[in-house]
Amino acid sequence: MANQEMTGAEIVIKSLIDQGVEVIFGYPGGAVLPLYDELFKQNSIRHILVRQEGGAVHAAEGYARSTGKPGVVLVTSGPGATNAVTGLADALLDSIPIICLTGQVATHLIGNDAFQEADTVGITRPVTKHNYLVKSANDLARTMHEAFYVATTGRPGPVVIDLPKDVQFEAGTYIPPSLVQHKSYKPQIKGNLKAIKEAVKLIAGAKKPIFYSGGGVINSGPKAAKILTQLVRMTGYPITSTLMGLGAFPASDKQSLGMLGMHGTYEANNAMHDCDVMICVGARFDDRITGRLDAFSPNSKKIHIDIDPSSINKNIRVDLPIVGDVAHVLEDMVKVWKSEVCVPDAAALESWWSEIAAWRSRDCLKFKQEGSVIKPQYALSRLQELTKDHDRYITTEVGQHQMWAAQYLTFDEPNRWMTSGGLGTMGYGLPAAVGAQIAHPDALVIDVAGEASIMMNIQEMSTILQYRLPVKIFILNNQYMGMVRQWQELMHGSRYSESYMESLPDFVKLAEAFGAKGLRCDHVDNVDDCIKEMIETPGAVLVDMLVDQTENVFPMVPSGAAHNQMLLADDKEGEGPEVSSKGRALV
Amino acid sequence: MDDNEIHRHTIAVLVDNEFGVLARVVGLFSGRGYNIESLTVAKVDDAENWSRITIVTTGNDMVIPQIKAQLERLVPVHKIADLTVEGPSVEREMALVKVECKGEKRVEALRMADIFRARAIDTTETSFVFEVTGVRDKVKAFVNLMEPLGRIEVCRTGIVAVKRGSDTI
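Order-wise, the sequence lines are chains A and B.
Residues in the first sequence are numbered consecutively from 1, following the numbering used here.
Residues in the second sequence are numbered consecutively from 1001, following the numbering used here.
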């Protein structure tokens, strides 16, 4: 039965089932009641009830990022849709495949300022990869399948489908996914072979090469990470990763220089600055990575592999662009490398590695744990040590704790690390942990949080308890919006304008109020026990780790500075580069 | 080559003639801070239900390819051509120019119109409406010449353009 007559709501649910959707994150309301009625009548799709629509999108992001499948969201019209906007923008900047179904007032009421009406397609147009307003039930099945195709292929992203209530009741014809083809949207998957051959030649001839990989490798799938690892090991070259790309190449491998960029390692940033051939794989030269544009890696030939042609030459002019999916392009590169029997310049490589070794010896992530006050770096080092052998997924909020998590936790596999990189959304981590835990019920899912960020979506604790999710919340509590405080210290004369967190809740009691376990740790000697108790306690646990209030994230490329002008933790005061007034104006 | 030199480009875009498509294109330009000097849009293919948008924009050598790539990302966009880059093209703009004038000035207005091959498409005892077609500079020159003759009202279509020869976009 290819074509069947059914109601709009039935078509939506049938499309989801046929697309292989197992779980959706949502919140009901007037304009989606027919859809919730259909959900009630079936057993294929599980609905996770969040506590605010923003949480639904982040949960779907966590689900998508940890599984490689698209995340699906269902929210009502008006405020339901507007609450989802931040999550959509977040998914757009981090290229996360999301299908967001929004209810809409009946078609004859659109434009009438009806109850809970908002111009959802208008509002979400700039924060989605694409969006649809469906005005007839007969267009529904095609639109649903097309939305999945658009969201998951090419550079993935969020897609909104706005569903007027009368269309959900209206009868229409269902068509299955295989019958839907797209006329204009055809992303380029295979890279240009001539360019790939040229790139391999350039790579093989490099004297100071570096791989710079990003979130595109994760999005391309586990196969891409595997081939990247193979290529990097074949060449023996160093590799650094963006925040979004952590885990694509094993961080514990000696060829890994760790993360690059504003809070990247000394060795990674210096290697980027001094390299002669840069191989950018699925990253986009964003401003957190490049620092000052005119001083970015001045002497290198740059190869850029990206599925999105608009990423090429957007910020940095590259010498050899290759548009295509990372896995496909890297696969071809490995083939060419083997067939041409490429051999790297061993002598040059040895001297390059010894330069890198000198940078590494600065040991830029070292910290001093003295006295009883817990250093946040120490807490995360212990968290790493005590959880590294677990089946572990980490999410984070946004701020200092996020950067420390990226620096001190080690990711050897893709899809294990979920963070809001592009948009920098505080409040991302807790709902993202919900999504990751729903996808991986038996895994150890930890939201590394700050006490300020956690308050932004704290209501999702209730979701966690409803579904008995054993999510662990690891709060590094320094009673400041730490990253704001750090910038105020470094760039605004230590005038801590509104960055102190007054009247914080008692997090242990707060956890208990939601029905979770709360633990507090305020002495360095208790850190291990606290983390162990967190891991061993079944069910949700919130850890309130009281850490040094004045600690800053280092190393740091101050805004407006170049990669080789980093501030290190052990720099004496005034020794680092001055932040120029131009740099201060940068975010 | 100076990267920062600003050039004017005429870009033709074939899009699905569907709800919101113009908003996507215009929103892209405003959201990313690109300039629009003129924009025209109309349905050009009934069978395929395609519209053609002609945009005149300005930018340096980094920005113009970016504009093209960003337009390409829009799902309902089928084809894009930078007519300024892709070989010679012909461009035309039409303007309707209303001039309020009497006596000697009416004769002068008609003489100017004749030189510019503008047609009077409406007239009263105190006014003309001229239709003038040509490249932007010609239209501008005509408007400039009409201005001293009396109070005027100008309505311009913006540029439409196609490639010369048998080549299509």
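Don't take each hint at face value.
As the list claims (entries may be wrong) - When the alpha-carbon atoms are kept at most 30 Å apart in a straight line, the in silico DSSO-like pairs for lysine-lysine are as follows: (1) B/1105 <-> A/183; (2) A/183 <-> B/1079; (3) B/1163 <-> A/186; (4) A/194 <-> B/1068; (5) A/190 <-> A/41; (6) A/186 <-> B/1043.
Everything labelled a hint here was simulated from the structure, so no lab data went into it.
For clarity, every value in this text was computed on a predicted model and none was experimentally measured.
Right, here's what the structure says about each hint:
Our distance criterion of 30 Å between C-alpha atoms is broken by residue 1105 of chain B and residue 183 of chain A, whose separation comes to about 56 Å. For a cut-off of 30 Å, the pair hint linking residue 183 of chain A to residue 1079 of chain B stands: about 11 Å separates their Cα positions. For the hint linking residue 1163 of chain B to residue 186 of chain A, the alpha-carbon distance of about 25 Å falls within 30 Å, and the restraint holds. Straight-line distance between C-alpha atoms of residue 194 of chain A and residue 1068 of chain B comes to about 23 Å, which keeps the hinted pair within the 30 Å bound.
Between residue 190 of chain A and residue 41 of chain A the alpha-carbon distance is near 43 Å, which puts this suggested pair outside the 30 Å criterion. In summary, the hint linking residue 186 of chain A to residue 1043 of chain B is supported, as the alpha carbons are separated by about 23 Å, within the 30 Å threshold.
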